[in-house]
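**Q** Line by line, the protein sequences are chains A and B.
Count along the first sequence from 1, then add 27; that gives the number in our numbering.
Count along the second sequence from 1, then add 911; that gives the number in our numbering.
The calculated DSS-like cross-link candidates involving lysine-lysine, where the alpha carbons are at most 30 Å apart (straight line), are:
id	chain 1	residue 1	chain 2	residue 2
1	A	LYS293	B	LYS1438
2	A	LYS338	B	LYS1118
3	A	LYS338	B	LYS1438
4	B	LYS1234	A	LYS211
5	B	LYS1122	A	LYS349
6	A	LYS246	B	LYS1429
7	A	LYS90	B	LYS1058
8	A	LYS364	B	LYS1438
9	B	LYS1180	A	LYS291
10	A	LYS293	B	LYS1375
11	B	LYS1438	A	LYS334
12	B	LYS1003	A	LYS107
13	B	LYS1429	A	LYS420
14	B	LYS1178	A	LYS287
15	B	LYS974	A	LYS349
16	B	LYS1118	A	LYS287
17	A	LYS420	B	LYS1230
18	A	LYS291	B	LYS1122
19	A	LYS151	B	LYS1032
20	B	LYS1375	A	LYS291
21	A	LYS48	B	LYS1003
22	B	LYS1186	A	LYS246
FYI, nobody ran anything at the bench for these hints, they're computed from the structure.
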Amino acid sequence: MPILTKAEAKALLTKVLSYSKAEQCEVNLNCSDSGNIRYARNAVSTSGGISANSLVVSSAFGKKLGTATINEFDDASLEKIVRRAEELAQLAPENPEFMPFLGPQEYGADSPTFSPATAAVTPKDRADAVQASLKEAIDSKLNAAGFLSNSIGCSAMMNSKGLFAYNTSTDVAFNITVRTDDGKGSGYATRGYNDFSKLNAKADTAIATKKAMSSITAKAIEPGKYTVILEPTAVAVMLENLFFSMDARQADEGRSFMSKTGGKTKLGEQLVDERVNIYSDPWNPELPTATWSGDGRPQEKVNWIEKGVVKNLYSSRYWAQKTGIKAIPFPGGAIMKGGTKTLEELIKGTEKGILVTRLWYIRTVDPQTLLLTGLTRDGTFYIENGEIKFPVKNFRFNESPIIMLNNLDEIGIAERTVSAESEANYLLPPLRIRDFTFTSLSDAV
Amino acid sequence: MLPAIPVFGKEISPEQALEYIDPAAKKIMSDVALNAARSKGATYTDVRVGRYLNQYVVTREDKVENIVNTESYGIGIRVISNGSWGFAATDKMDKDSIAKAAELAVTIAKENARLLREPVKLAPQKGYGEVSWKAPIEKNAFEVPVKEKVDLLLAVNDAAMKGGADYINSILFAVNEQKYFASTDGSYIDQDIHRIWPTFFITKIDKATGKFETRNALSAPTGKGYEYLNARPQDKIQTASGTLYKGRYDMLEDATQGARQVGEKMKAKSVEPGKYDLVLDPSHLWLTIHESCGHPTELDRVLGYEANYAGTSFLTLDKWESKKFNYGSKEVNITADKTEVGSLGAVGYDDEGVKCGKWDVIKDGILVNYQAIRDQAHILGLNASQGCCYADNWSSVQFQRMANISLQPGKAKLSIADQIKNVEKGIYIVGDGSFSIDQQRYNFQFGGQLYYEIKEGKIAGMLKDVAYQANTQEFWNSCVAICDQSDYRLGGSFFDGKGQPGQVSAVSHGSATTRFNKVNVINTARKI
Chain A
28 MPILTKAEAK
38 ALLTKVLSYS
48 KAEQCEVNLN
58 CSDSGNIRYA
68 RNAVSTSGGI
78 SANSLVVSSA
88 FGKKLGTATI
98 NEFDDASLEK
108 IVRRAEELAQ
118 LAPENPEFMP
128 FLGPQEYGAD
138 SPTFSPATAA
148 VTPKDRADAV
158 QASLKEAIDS
168 KLNAAGFLSN
178 SIGCSAMMNS
188 KGLFAYNTST
198 DVAFNITVRT
208 DDGKGSGYAT
218 RGYNDFSKLN
228 AKADTAIATK
238 KAMSSITAKA
248 IEPGKYTVIL
258 EPTAVAVMLE
268 NLFFSMDARQ
278 ADEGRSFMSK
288 TGGKTKLGEQ
298 LVDERVNIYS
308 DPWNPELPTA
318 TWSGDGRPQE
328 KVNWIEKGVV
338 KNLYSSRYWA
348 QKTGIKAIPF
358 PGGAIMKGGT
368 KTLEELIKGT
378 EKGILVTRLW
388 YIRTVDPQTL
398 LLTGLTRDGT
408 FYIENGEIKF
418 PVKNFRFNES
428 PIIMLNNLDE
438 IGIAERTVSA
448 ESEANYLLPP
458 LRIRDFTFTS
468 LSDAV
Chain B
912 MLPAIPVFGK
922 EISPEQALEY
932 IDPAAKKIMS
942 DVALNAARSK
952 GATYTDVRVG
962 RYLNQYVVTR
972 EDKVENIVNT
982 ESYGIGIRVI
992 SNGSWGFAAT
1002 DKMDKDSIAK
1012 AAELAVTIAK
1022 ENARLLREPV
1032 KLAPQKGYGE
1042 VSWKAPIEKN
1052 AFEVPVKEKV
1062 DLLLAVNDAA
1072 MKGGADYINS
1082 ILFAVNEQKY
1092 FASTDGSYID
1102 QDIHRIWPTF
1112 FITKIDKATG
1122 KFETRNALSA
1132 PTGKGYEYLN
1142 ARPQDKIQTA
1152 SGTLYKGRYD
1162 MLEDATQGAR
1172 QVGEKMKAKS
1182 VEPGKYDLVL
1192 DPSHLWLTIH
1202 ESCGHPTELD
1212 RVLGYEANYA
1222 GTSFLTLDKW
1232 ESKKFNYGSK
1242 EVNITADKTE
1252 VGSLGAVGYD
1262 DEGVKCGKWD
1272 VIKDGILVNY
1282 QAIRDQAHIL
1292 GLNASQGCCY
1302 ADNWSSVQFQ
1312 RMANISLQPG
1322 KAKLSIADQI
1332 KNVEKGIYIV
1342 GDGSFSIDQQ
1352 RYNFQFGGQL
1362 YYEIKEGKIA
1372 GMLKDVAYQA
1382 NTQEFWNSCV
1392 AICDQSDYRL
1402 GGSFFDGKGQ
1412 PGQVSAVSHG
1422 SATTRFNKVN
1432 VINTARKI
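All chains, full assembly: derive it from the sequences and hints.
**A** Take a look at the structure:
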């Protein structure tokens, strides 16, 4: 199905609502077309094109909610799905936490989440980009494995209280691992864009190639506490575990790192170094995200941590009403305010330390302290007197992002980066951190 | 790797889940795709018409949070053209849309052929004609009224709250994969696969100190029907830690003991770091097997196909070719099995139409085999696939996924009590917890749910803040004793993640209680 225009989406959703006999009705529409290509061992492996659409109808009587979905959009099917949602609502148990649907909302200006260049991508365009990437690796006599995907999507929602929201978006994801044939060196690069024309697969492959070649002959050094420089993608996998844990209800209930004794929370308290500023902004030109959340709430610019102080927690509408706080939804993206130094300048300013280019298999060890474990991967280097001296073997770490942001030494220039764990995009700087805890060595390359 | 719990598909009503699509209709759709692909130049085509049903009943304390029924229905078409794979999928099931998807798959294959180094080489596979396979379940979970499930979960929650828990979240997942496979080899295979996973998470809070502890269910996701929740006396094992479950699960009993145990965890002694002999229960060990043996013996990882995401493997082909690579001690026998009844990985045929079987991966501690699919079999000198191909949806392309990888029980009679009695300084670990392993599967770290200190052959109380770190080969070579068949139990995962775009698969891992000597244990307590 082609992507619906705002007027087409409005007409379709208005028609669906016209069939409703429920006390309240809400309709969500999602459509997407995507394509991908995967390669390894210097050749294409799998590749595909997928088209899928869905329309979700939620009908409510009192505190009873029924939901049904369909992917056929003729009049009879649309009416049938509305009836089905109503039947389900009548059968459902009452949910004491059910919240009435929202009325009309103000979403501000559209965010530039849609790129025509991405919408026009063909299988040939993807193959061309991969060919350029492969050439770069093969010319260096190295082994490439990578993944390129692009998608176009539209989403819209409307309800019987008069709310209407619409958005179109495009996404591009590219990541590449380059390894030496003897398996002793490995490098990685990852990029995320809305606009396909920004992709330079050859240049990104060159970054991974350089890391692969410079990471051979890695030396084992003792695990322990080290000053580290984390590249933005390594920062992403640490900080997203902090973002994922900033739920107000969890904090109030006493089961979060944000909880304190006696049912209190750390909201409003200095949690980390005062140079830490973390916020979300749907209109940021480098990281545009939707201006509304799935339940119709506006996504606004929100300060989460300002000068090291926790300013806001996200929450469900039910919990916000119960506790008298503003119902801020989970954001579409997160941004940490950067400094003025490049990664190279951070390295230059390091007397002794370790450059971590990627972290991998991050899991929570203790939710009380947000202690995480994971490993370095695809290029880890020892720094002495402002220069990279030699590659080092990979480490396992056990560290909390809260402790890490209290041991902050220096902040670099923020850039759009991608979490290799969640695939979410962020705008984050490289960070120099003191006393980062490595607990054992790994033989993995 | 095991990610957070995803949600798939679109929502449907409970009664819709009981509808089954006539195989004859699926054959007609498949033939449209096979013919369309052939006419555009495909030299091989397989088609999967899939209907994937999920039901989630989600509760907390005395409330039902959500009841979700989802359905995902569509067709995935995979072709070889000009020696290259191509794939396309659509949820529009009319003939024109199917033919168009088949054409797109061929276009993609032809476009990608210039990026090949050698053409795809498929192991031969005979066609089976029109055949079917059904999971041998006793009670279809989708036929059980939602109210019965809600009542069970709310009773479970009530038991935990009465036992002193501050919070409990409980979930019942049910899955039904209705898969139809057709290929130009002449197979038309209809399969009906069921899975179920009841689980809960108990939290207890000490308001005075602000500390909290959790205890997760000791259930296992299984390839069974709703009968899994009807435990009989023979399904229960009494140990020093409480009741453990074999084959079937008593959720109410486990929530009751879980509430008691989370209270004990609050008061437990923080572990002294150092070397301990570990006695690992199957409810814990399945995850260590999964990460340190299941993944590194996947042939696609060994060859480098997962280098950009899940990683490669330390079990390189030269180690297999040497026929003397000591993966573990002589006690260690690990099999791959796609047929074990009640396991998550059991199917009649894999997702490229290969009949499933069982084989040795580690024999007397030596690496003897991997897990392979049709386009890899020739690399191992095999003339047939091992049947490890799987796609998590009609819209996902099938690729090599893990078979059930299980540690075989010891041959000599040995009970859990015997294992504990023989340990001087050790820790007995029950349930799975935190987990992480490197991209070549050398270095891992695992936590659990319950840790009991063993002193001079006796349980000396509960410990907390425990995690063990080890190197895979050293760890499995420190394996000294495995309980006998009577203690063999399955654990597993609903959501093993791999591939790009990411896909999940469900897989079981069997073992009996096993002892590993002198493993490095760290203390995970921190202050923020």
